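Those protein sequences? They're chains A and B, same order as listed. Just so we're aligned: 55 in UniProt numbering is position 55 of the first sequence, and the numbers increase by one with no gaps anywhere. Just so we're aligned: 42 in UniProt numbering is position 42 of the second sequence, and the numbers increase by one with no gaps anywhere.
Treat the hints with caution; some may be incorrect.
Stretch by stretch, here's where chain B covers chain A in the computed footprint (C-beta under 8 angstroms, at least three residues) [unchecked claim]:
id, stretch
1, 110-123
2, 128-141
3, 224-238
4, 272-283
5, 330-344
FYI, nobody ran anything at the bench for these hints, they're computed from the structure. As the structure is a prediction and not an experimental result, all values here were calculated from the model. Just so it is clear, CB atoms sit at the ideal spot from N, CA and C, and this is done for glycine as well.
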Amino acid sequence: MVVNKTASELQSLLHSRELSVKELTEATLKNIKETDKSIQAFLTVTESEALAAAEQLDNLSDDQRGGALFGMPIGIKDNIITQGIKTTCASKMLENFVPVYEGTVTEKVKENGMVVVGKLNMDEFAMGSTTEHSAFQKTLNPWDLTRVPGGSSGGSAAAVAAGEVLFSLGTDTGGSVRQPAAFCGVVGMKPTYGRVSRSGLVAFGSSLDQIGPITKTVEDNAMLLGAIAGADYRDASSSEKPVPDFKKSLTGDIKGLKVAVPARYLGEGVQPEVRNAVKKAIGVLESLGAHVDEVDLSYSRYAAPTYYVISSAEASSNLARFDGIRYGYHPADAKNLNEIYLRARSEGFGEEVKKRVLYGTYALSAGHHDDLYERAQRVRALIAQDFQSVFADYDVIVGPTSATNAYKLGETIKDPLTLYANDLLTTPVNLAGIPAISVPCGFAEGLPVGLQIIGNHFEEAMLYKVAHAYEQATEFHKQTPPAQEGN
Amino acid sequence: MSNFTKEDVQYYANFARIDMPDAEAEKYAARLDTLLGFSDRLKEVDTENVEGMTHPLAITNVLREDTPADVLNRDDMLKSVEDHEDGFIKVPNILD
């Protein structure tokens, strides 16, 4: 079956025309139809658009076809707009919203000859870490169907883990690419803020949001980031920094690499099996010639509360655009303008979104602005400085991506503080605007564990180098979940 | 100790244009209490003489000539609008 092949195996078949893009797309769509009955990763499968795109690609002459991503099917998180294809943010508010222009990242994946096969489930407006806050369906973890895939990019991670696609795009505001990648045993990269254009991404926290690739292997991930990265005149915060050829950094050589391990990242609250898996992974890095020291990132313990203030404040402002008039949920028979606003937002937003909008509104209101919002901005500066002092002496920081393995469905959703405790590991990275990757590093009670590797601004190549060296020295990336067996 | 009363929640919900009946307001009051309690930890941090961070990277303004680009088709855009007439978006009468 073509769907069980690796990206590079598929590439050689496509380039020799032993396999057509249409055949690959058809096989992928068929597999999605079957597998997604249980996994529920896709909100929309774009069958006819994908087949039409595949035919066009097949009709290109040999010299027009090229690139390592040519013909590869990809799934897109449903908060990234796609022209002519429903983009819901997993919210009733946008249940029937069809964007009229293309987002920059999807434009770029298409320019690279990739075939968009559908839109992936998520927590509503990317707020959550289980994908249970989707207004439409619950996505299940392919490793254990009684567990969540993580979130908010749960659909993007589950679809790759279940073998439905080899490539997907997610978004990461506080860990939403890395944590589901860890829970599902796949590779997820949150690039440096500004590395990837946010034009076409429905904004949640504009100073934190970043689009990132989710894949089976580090090499695939590096290729996809290379395709979507770079300056974009439609996003003034996108960086002009040149995008290196990330594949060149996959040398396997990390001799002399300086690795920092914050004591706090392996401290209380981290599940013992997760701690063991990560400690073993650090041992592997040492055996490859890395030098490891323990460091202190003391302000990280304030990252989660800082994150909730800043992300909620930005969300309350960003989500003000949903007025029920120009697009999105429109209440019938409203008698006046205020009633349109009130009913659209009350009936269109789910509970988690309302909670965060309320918290953000509170944090930005006169009387609490200085005490809460501005204080959080000052603590954010301290968190960022903490990282800079570590990076003065070290190349990367490593630790777990998540403190635990994947939660049971419904398990912790009633205890937000447990979820928030997990955010200690991922949110500081977004606050500082630096990149981080999660790569599979073993199992805790049979469920995948992610190793998080954090780098300085624009050091994605370094992260890929380390992640790849680790991946090649271990076998974890070759393991597939039980849900995928028998394909 | 409870920081949020039902009335507080309704006060802020009104700014955010979210309808908040009494029963719901009580539910959200408890949730916002949890979040606010969580943020109390930030008061431990000495932030005197620390400049607030508003953006993760030192970026500068990007300027360009003001030439029209990416002009979208009006009919396409109106497809997202439930209520429109002659190319205009309709809202209820805003003047009494």
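Check each numbered hint against the structure and report the violated ones by number, ascending. 1, 2, 4
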